[in-house]
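As given, the protein sequences belong to chains D, B, Z and E, one line each in that order.
FYI, in this note's numbering the residues of the first sequence are 1 to 191.
FYI, in this note's numbering the residues of the second sequence are 1001 to 1191.
FYI, in this note's numbering the residues of the third sequence are 2001 to 2550.
FYI, in this note's numbering the residues of the fourth sequence are 3001 to 3346.
Think of the hints as simulated: they come from the structure by calculation, not from any bench.
It should be emphasised that the depicted structure is a prediction, and the values quoted were computed from it without experimental measurement.
For each residue, glycine too, the CB sits at the ideal point set by N, CA and C.
All the pointers check out, no bait thrown in.
Far from chain Z, by Cβ distances over 12 Å, these chain B residues were calculated: (1) MET1001; (2) MET1008; (3) GLY1010; (4) ALA1014; (5) PHE1021; (6) GLN1111; (7) CYS1113; (8) CYS1116; (9) PRO1152.
Straight-line C-alpha distance at most 25 Å; calculated SDA-like pairs for lysine to any residue: (10) Z/LYS2437 x B/GLU1059; (11) Z/LYS2437 x B/GLY1047; (12) Z/LYS2437 x B/LEU1148; (13) B/LYS1171 x Z/LYS2389; (14) B/LYS1080 x D/GLU158; (15) Z/LYS2310 x Z/PRO2088.
Next come the chains, spelled out residue by residue.
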Amino acid sequence: MENYFLILIGTVFVNNIVLAKILGLCPFMGVSKKLEAAIGMGMATTFVLTLASGASYLVNHYLLGSELAYLRTLSFIIVIASIVQFTEMFIHKTSPVLYQVLGIYLPLITTNCAVLGIPLLNVQENHDFIQSLFFGFGGAVGFALVLTTFAAMRERLEGADVPLPFKGSAIAMVTAGLMSIASMGFSGLVK
Amino acid sequence: MLNALLVMIGLAVALGAVLGFASLKFKVEGNPLVEKVDAILPQIQCGQCGFPGCKPYAEAIASGKAAINLCAPGGEAVMKRLADLLGVEPQPLAAEAARPKPKQVALIDEQICIGCTLCFQACPVDAIVGAAKQVHTVLDSECTGCELCLPPCPVDCITMVPVEEGLNGWKWNYPVYPISDDARKDVEVTS
Amino acid sequence: MRTLHPFHGGIHPPEHKSQSTRQGIAAAPLPARLVVPLRQHNGNPARPVVAVGDHVLKGQMIGAPEGFISAAVHAPASGRVMAIEMQPIPHPSGLPDVSVVLEPDGEERWIERQAIDYRAIDPADLRNRLRDAGVVGLGGAVFPSHIKLDASGLETLVINAAECEPYITCDDMLMRERAAEVVQGIAIMQHVMAAREVLIGIEDNKPEAISAMQAACQGSGFEVVTVPTLYPSGSAKQLIKLLTGKEVPSGALAPQVGVQCFNVATAYTIHRAVNHGEPVISRIVTLTGNMEEPRNYEVLIGTPVGELVKVAKPRADTSGYLMGGPMMGLPLTDPGVPVVKATNCIIATSAELFPPPPRAMPCIRCTRCAQACPADLQPQELFWFAKAKNFAKAQEYQLFDCIECGCCNYVCPSHIPLVQFYRFAKSEIHAQERDRKASERARERHEFREFRLEREKQEKAAKHAAKAAQAAASPDGGSGDEAAAKKAAIQAAIDRAKAKKAAVTPQNVDDLPPEAQAKIDEIEERRTHARESAGQAAAVQKSDEGQGAS
Amino acid sequence: MNSPLVAEKTAVNFIMLKVLAALLPAIAAYVYFFGPAILVSIALASVTALASEAAVLHLRHYPLRVYLTDGSALVTAWLLALSIPPLAPWWLIVVGTLFAILVAKHLYGGLGNNLFNPAMVGFAALMISFPSHMTHWTAPDVLAHSHWSFAQQMDFMFGGISPADSKLDAVTMATPLDTLKTQLHLERTVAEIQSSPIFSTLSGKGTEIIALLYLLGGLFLWQQRIISWHIPASFLAAMFGLAGLFYLYDPVHYASPLFHLFAGGTMLGAFFIATDYVTSPTTPLGKLIFGAGIGVCAYVIRVLGGYPDGIAFAVLFLNSAVPLIDAYTQPRVFGHAGKWFNGRKE
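Just need the whole structure built from these sequences, with the hints factored in.
As structure tokens, this is what we get:
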């Protein structure tokens, strides 16, 4: 139990996938202009990532084993792509505005390095099935959390008197960097 | 080798089946976004965007076939609201749409009008009343100022007159709030 | 002692009230010219009912109420109508509005004044009379009173005598000198609305008014409630909260929570209108600020401000005039604007009394404004959104609950013109709303037009189809002269047409696919042309038949 | 001109000056315990801050006099100087201040626009980049093995030259928090560690007096209505509560909650850093959440994490959450039923 809790805390705060591992920056920069879109993206990613962690564990453990390890990346990508496709259809049906808001970024979850990174890290750290699920879920929650706070900050920045050369993405990158500095405080907390 | 092939084929078939099922289950009818976009467009029906009316333009935007910066009467405000709805970066107005025009209505010079009915066939909102061989009149309250009635008039008796500011339509100016000494910047802020 | 329910926030600006209460209310001299705007109230402007050149009596109606939300306007003095034209009015835009210009004849001849026995007549009738007497809320909002009185079975009638703005003392003096008449007016309101209790809220900085009102209320059952001096306790919703603990829901009116609130001066005018038959043609105005002899005057509506202020002797360094108090008042750009029903105070300004604010700084989010806001808003957020023209967000943060009292502005250490930003954002949102409504209407009209065109097309098609049938019946139309042959031919054609109709109609007329419709239209077009040259008619028809059957 | 035409006599620089004034007693104690070098640090940071601010203002065509006198750059400079070790080399102060003013403040548009507390951004950047310089704290005069004269201190700060007869180690020592952390790793108990001479009744010798004076300054600001009670109270309560839980659970390995309140930057953080207007929430509930969040994070970082103290990181971490906190803690508006969240009724 403590183990799972540590995995959660570790992935959400300490080894945050965006701030510490610098993964998933594409949607982090792309879908953080509006809080609502960020929350939607966070939820979509959480869904995809948790599912992808579990599915890729199953694929890795039961289909590939150690002898077909060279197929790992390839098959993970296929699994993730299908899950993303599924999510896309689901969102298109249930929330057209969210679908439009997520726009190009929804299919881009496929190539969100976070979504491939987490299953690969799972394999690397020899997580069992439940651990993989927690790791995937924790990583995604960390991603969603950072994405939402970042989106709220960018909404605030809309009204800020930012010097012209730094307006828009530039100041967003600076902000992301400062957030990363802030999260470095947690380093050393969980091994 | 055979194992690898079997695994990949198995994966492909299984995931394909899931996706196929999903595509039937979550089939989307129509595009509800069109209504939302249409609600933002000013409904002047002027066709300056290159589409024959606001609804077709809305459809084009919703399906991603048209840029959001083509609406001349709506100007910056409409473009921003579209960008907001669709979650895309605001774009500068297209060259043809960038000329801001004061709100205006058509006025028919009744001395010249020959009652040819060509103008009210052109009016997209039926704001011109009259009958064949009778002088036509513009309903000020319904005229959207689209100028579509100007070209068909054989005697050039229609002119556009700006709507005068009255107590009912009066607006407060952007407050004087000088943050910098830069004259250019203040102009930008107050305009 | 009644328990008060303080509202959030509020400020204590210096009061400056004592200088204008040293002397009693005096009558202002009759001016040479009266300019009476027809829009002195919320709602539709009054419709002029006099013509240029007419002679009018004092109190004669010159503008009739137009529609439900409107009130009448009366001649403040007897005299001649010189013009009905655009004249400057007190409005932030500085735009002129339709006004009746009167030249008083100095005779001050009244119309026939008739008191009404308000207990004897129907309340609805009484309300109409008040509308025709031009009774509107004199606290500043000038909302027609007859509409506000249209609420019966009221829990509480609140009389607003807080007069919280600095400098203004007109209500204070009114209560000191005419408390009995005010109370009679309140009695009329209570009667009309059948209010269970009446609370008169007066700020504790007006002890004379409080004791005068208490004396006048003896035996009436009305309760004078002393409230602490705190701006803006004179704002209706805040005063209602203070006295009753009830919050009027946002966007709703007070009667929804069983309360109605009237200004104390309105009560007085209701008394004058009902018990004396006098319409609203004058009001008490405080002349104060940078003046030698600040004092309250009873001023005829329509008196030009520039002329009025002379009686109070403005000092030499006076830089301008302010209508209303320093918190919410309107700086006048033109001294020619007249006193209107909303004018409670004229303040002469000077650089010393009202120094221009220091240079504005960026907002540092210190939340002093939020602590001062009587509407529990977050002014710093509203400002942030209004500054960036993010109106949707501003509305989400309840911009429209802002009462523009100016408390946030008053306490802002960055000297930001916050209220200006809210006014700007509100008027932009209203403009957007107007545009949206206009575009909604345009869309409806456009869609109707499309529908109409489609219908006309179909009607035309149907007509053509009928004509085609007719033409088929008479293949040689107008050119036939051999009757018998023609008859036979007609008969034959009818038969043919009937046969064809039986075969073709279901396919062609009942549900037309667009392509077929287009084809038919095209053919119809050709045929109409063809029929003009009668000789070709038959040939064309043949091809028509051929195609029609295919 | 439009209404309102009257205004309270107040200004941004009144507020900032009061904040600076509230720091003075603690600075006096600082000088008493650690020598006058801190005054040089403060002066250096102030000059750097004003100069860099002036440069940016000039580039952006902003009026120099108005913004240089607003006092905000001075507050940033003072807080940064008070946060870093007193004998820090001059370039450390300059780099930290430049980073704070240029990156954390002016890239965002200057006063009122920044998202992160500039002083803490400067501090964190230094902590990450120059960890060894940032952990060399001078010992209070009463404890130091040898005393450097003011001239010797200046030589060290500006030239990196230690006096011939003593090394830097002779005048520096680990802070109480640091000592506690490293000694606990050596399997010693809190009671044993706290018997060392650097500890006193509350926390460290000397530092506890400074912390008390920060508290006093903070109370002055509260009395002057410059700051509200929400952030300091929830900050201190959260830290006290969490430290208390750990202390009750295992008093042998966790220091008492009172120690944590007066050790490290707790008091400075609670009253002067976390309460920075621009980078803290504006709603009462938001302030409580924000303060409690900092208290918890700071305790977790200083006790369980890798850095000796967690105030700066905790403040920055919660700074990033401020817009989100604000959006979701909007109070009820007059005449509205129930609370509302981010524009939507609950």
